[in-house]
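Taken in sequence, the protein lines are chains E and Z.
In terms of the numbering used here, the first sequence opens at residue 1 and continues consecutively.
In terms of the numbering used here, the second sequence opens at residue 1 and continues consecutively.
Don't read these hints as lab results, they were simulated from the structure.
Quick caveat: nothing in here was measured; it's all calculated off a predicted structure.
Check each hint, because a few of them may be wrong.
Where chains are identical, the list cannot tell them apart; a pair therefore holds if satisfied intra-copy or between any two copies.
Quick list of in silico lysine-lysine cross-link-like pairs, DSSO-like style, CA-CA up to 27 angstroms [as the list claims (entries may be wrong)]:
hint : residue 1 : residue 2
1    : Lys-159   : Lys-225
2    : Lys-248   : Lys-99
3    : Lys-221   : Lys-262
4    : Lys-40    : Lys-262
5    : Lys-245   : Lys-40
6    : Lys-318   : Lys-99
7    : Lys-262   : Lys-11
8    : Lys-318   : Lys-18
9    : Lys-318   : Lys-245
There are 2 protein chains.
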Amino acid sequence: MVSVIGYYTTKFGELWEKSLFNLVEESITGVLNNTSLDIKDIDVIFFANMLGGVLENNLHSAAKISELLGVHIPIYRVESACASGGVAINMATNYLKSKSNSTVLVVGAEKMTDFSPEETTLGLSSAASGEEQQSGLTFPGLYSMLAQVYLLKYRYNQKTLASVAVKNHYHGSLNNNAQHQKIITIDQVLDSPYIADPLKVLDCSPVSDGSCSVILTNNQKIINKSNSICQILSSEMATDTISLKNRKNLVSIPSTQIAASKSYSASGLKPKDISIAEVHDCFTIAEILAMEDLGFCRQGQGGKLVSKYATMFGRGGKLIVNTSGGLKAAGHPVGATGIKQVGEVYLQLTGQAVNRQVRNCKYGLAHNVGGSGGTAVVTILTSL
Amino acid sequence: MVSVIGYYTTKFGELWEKSLFNLVEESITGVLNNTSLDIKDIDVIFFANMLGGVLENNLHSAAKISELLGVHIPIYRVESACASGGVAINMATNYLKSKSNSTVLVVGAEKMTDFSPEETTLGLSSAASGEEQQSGLTFPGLYSMLAQVYLLKYRYNQKTLASVAVKNHYHGSLNNNAQHQKIITIDQVLDSPYIADPLKVLDCSPVSDGSCSVILTNNQKIINKSNSICQILSSEMATDTISLKNRKNLVSIPSTQIAASKSYSASGLKPKDISIAEVHDCFTIAEILAMEDLGFCRQGQGGKLVSKYATMFGRGGKLIVNTSGGLKAAGHPVGATGIKQVGEVYLQLTGQAVNRQVRNCKYGLAHNVGGSGGTAVVTILTSL
Chain E
1 MVSVIGYYTT
11 KFGELWEKSL
21 FNLVEESITG
31 VLNNTSLDIK
41 DIDVIFFANM
51 LGGVLENNLH
61 SAAKISELLG
71 VHIPIYRVES
81 ACASGGVAIN
91 MATNYLKSKS
101 NSTVLVVGAE
111 KMTDFSPEET
121 TLGLSSAASG
131 EEQQSGLTFP
141 GLYSMLAQVY
151 LLKYRYNQKT
161 LASVAVKNHY
171 HGSLNNNAQH
181 QKIITIDQVL
191 DSPYIADPLK
201 VLDCSPVSDG
211 SCSVILTNNQ
221 KIINKSNSIC
231 QILSSEMATD
241 TISLKNRKNL
251 VSIPSTQIAA
261 SKSYSASGLK
271 PKDISIAEVH
281 DCFTIAEILA
291 MEDLGFCRQG
301 QGGKLVSKYA
311 TMFGRGGKLI
321 VNTSGGLKAA
331 GHPVGATGIK
341 QVGEVYLQLT
351 GQAVNRQVRN
361 CKYGLAHNVG
371 GSGGTAVVTI
381 LTSL
Chain Z
1 MVSVIGYYTT
11 KFGELWEKSL
21 FNLVEESITG
31 VLNNTSLDIK
41 DIDVIFFANM
51 LGGVLENNLH
61 SAAKISELLG
71 VHIPIYRVES
81 ACASGGVAIN
91 MATNYLKSKS
101 NSTVLVVGAE
111 KMTDFSPEET
121 TLGLSSAASG
131 EEQQSGLTFP
141 GLYSMLAQVY
151 LLKYRYNQKT
161 LASVAVKNHY
171 HGSLNNNAQH
181 QKIITIDQVL
191 DSPYIADPLK
201 VLDCSPVSDG
211 SCSVILTNNQ
221 KIINKSNSIC
231 QILSSEMATD
241 TISLKNRKNL
251 VSIPSTQIAA
261 SKSYSASGLK
271 PKDISIAEVH
281 DCFTIAEILA
291 MEDLGFCRQG
301 QGGKLVSKYA
311 TMFGRGGKLI
321 VNTSGGLKAA
331 GHPVGATGIK
341 QVGEVYLQLT
351 GQAVNRQVRN
361 CKYGLAHNVG
371 GSGGTAVVTI
381 LTSL
């Protein structure tokens with residue numbers, strides 16, 4: 001069994017005074033402090049980062065981290081667009097299945113705000129197909145097509161989308177590390193400018209800097225010394241076409257459905273067993289699709305679920321979604337996001353989610369997506 | 001035990017009529033044909049590529065490969081600079097230790113010749129530290145410093161370096177897929193223009209396009225149906241400082257030493273047991289250092305070893321090095337290189353190395369380096 005024994009996140013936001021590796025160093029130091037471990041206790045590192053190459057011409061970050069920490073252990077850089085963090089968790093979990101008595105540091109980071117919006121948007125578009133890039137489709141553009149089809153097919157409107165933003169900004173207001181900590185209203189979302197019809201500014205996750213680290217272990221000695229532990233029951237990954245045009249329909253993300261089905265099966269759980277979930281709400285429409293694809297409601301019912309604020313903290317629902325604020329309000333430093341999701345579930349399952357602690361949560365789920373669904377990872381965790 | 005059951009390589013060279021994913025498709029189709037397997041037999045894919053992001057703005061290649069092959073299986077993109085291929089082999093080997101009855105496709109590819117020399121050189125420099133990049137140090141520059149120190153300390157000269165090029169071009173002349181298939185002389189190397197003193201054009205590996213695939217499995221049914229099999233005894237990875245200035249000395253590559261030591265230990269073998277080795281000769285000096293760091297000779301003796309052509313095919317030596325032609329003559333499409341090394345060892349151990357078959361080889365070694373030694377992977381294989 002793979003245990004999660006610690007988590008640290010930097011603040012997410014426009015952190016102009018810090019470089020990518022300043023952030024990496026802060027989160028690694030932070031998680032070692034939180035777990036009272038020394039770097040010598042770490043056997044291997046997985047590092048999730050998407051844009052270091054295209055934005056800063058920095059590849060080979062394994063060697064950079066070796067230099068920062070003064071270690072010679074294996075360090076694996078993982079890139080799977082916006083799912084890089086989730087894929088790193090997935091790989092680390094697999095790694096621990098192959099090695100006994102081992103301890104793995106999983107760190108994710110992204111530095112996105114030091115560049116012009118054009119540069120960052122171009123960098124992010126590297127997660128889309130060449131044809132999509134050449135036709136000028138950015139990610140708001142791709143997700144706006146998903147939103148248009150969904151709203152039309154199931155007869156929802158922009159207010160439906162906006163309710164996701166309202167809920168997640170409320171959650172962000174309870175998270176000191178969130179990029180956006182202000183409550184917003186439906187009218188504020190609807191009054192914000194269009195990015196790509198029907199998505200408005202406040203339907204979109206922000207451009208962010210940040211880094212997160214978790215420590216996973218199957219070393220019983222280290223587990224025995226840990227104060228706050230939860231376990232990974234399953235972590236599964238699936239892929240799909242990079243191009244939206246090659247999908248059978250535009251109202252679901254098959255990679256999420258496949259990864260979820262495998263992850264439920266491997267853990268022996270069902271959607272109704274999950275109390276808390278961090279889902280990939282890069283745009284408001286994405287959370288609605290995730291509700292359906294993860295089996296939390298039937299096809300077409302996601303809009304109804306979010307409109308009722310059924311998954312909002314403090315409303316007594318059976319499933320609370322994106323207590324961190326999600327990508328939408330907590331921020332989306334791409335490589336860090338999938339680690340933050342697992343970290344937030346860890347905080348919830350170990351009773352450390354200050355201001356936003358969901359009571360009696362036994363099972364949590366983290367759902368991380370790359371691009372427009374070309375990759376998805378679903379990880380299910382449990383409290384002890 | 002992890003078995004290698006098949007290998008395919010495209011030709012290496014300036015393949016202007018083919019895109020990165022044309023090459024990927026050719027090598028995947030090729031290895032499936034060579035093994036009589038269907039894509040449905042593959043459980044997971046590791047894809048090694050360094051420069052798709054920085055040169056072509058193409059990340060998220062997992063989803064691109066999912067689209068190409070029509071599969072939803074996990075696909076992991078691996079990047080560790082010039083060691084990407086070796087790291088992919090290492091990760092795939094670890095993966096198979098955690099999953100029984102599984103079959104893994106490892107594919108590596110790089111497309112480097114569609115760009116100006118300035119663009120490709122800048123892209124490759126992403127494997128060096130920011131400080132090294134800013135000071136204008138390219139990889140020939142970094143390795144020239146290693147060469148200067150080595151020649152001075154052990155009293156060798158440019159002829160010593162040139163002998164590595166002569167040997168590897170001879171081997172390349174025996175390999176139909178090599179980028180350079182012409183024999184060269186010491187004088188030709190010495191008469192070629194300087195790139196970075198003491199390294200001349202013919203001391204440097206070329207800029208290349210190419211793709212390679214291998215299939216690894218622990219599925220006994222698939223193994224039973226395979227005609228040509230060798231086994232991976234150990235695959236180990238180590239990291240080191242990205243910056244040369246932070247190394248204790250410049251006459252060895254500690255990451256190679258550590259990875260080799262771990263790999264020998266895990267396989268129960270010693271350097272003298274190895275009959276064939278593919279080592280990372282991105283520049284001639286690199287092969288000399290590798291001879292020492294891999295334990296094939298003592299410190300300072302690498303220059304003597306290569307000057308005598310002791311590791312050249314057809315000379316009856318106990319250890320033959322870089323029968324493929326190495327990076328130097330076979331070419332260096334970065335993400336493919338580490339896969340090609342394992343593939344060449346596979347060909348040798350299974351008696352398929354046309355024109356250059358080393359007799360009675362039982363154990364082979366593949367050695368892949370990232371940057372100036374920030375990463376190294378050493379994989380040891382055996383015939384059945």
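Hints and how they fare:
no., hint, verdict
1, Lys-159 x Lys-225, "neither (49 angstroms within a copy, 59 angstroms between copies)"
2, Lys-248 x Lys-99, "neither (40 angstroms within a copy, 31 angstroms between copies)"
3, Lys-221 x Lys-262, "between (31 angstroms within a copy, 24 angstroms between copies)"
4, Lys-40 x Lys-262, "between (35 angstroms within a copy, 17 angstroms between copies)"
5, Lys-245 x Lys-40, "between (48 angstroms within a copy, 24 angstroms between copies)"
6, Lys-318 x Lys-99, "neither (37 angstroms within a copy, 35 angstroms between copies)"
7, Lys-262 x Lys-11, "neither (33 angstroms within a copy, 39 angstroms between copies)"
8, Lys-318 x Lys-18, "neither (39 angstroms within a copy, 54 angstroms between copies)"
9, Lys-318 x Lys-245, "neither (36 angstroms within a copy, 56 angstroms between copies)"
Hint check: violations occur at hints 1, 2, 6, 7, 8 and 9; the rest are consistent with the structure.
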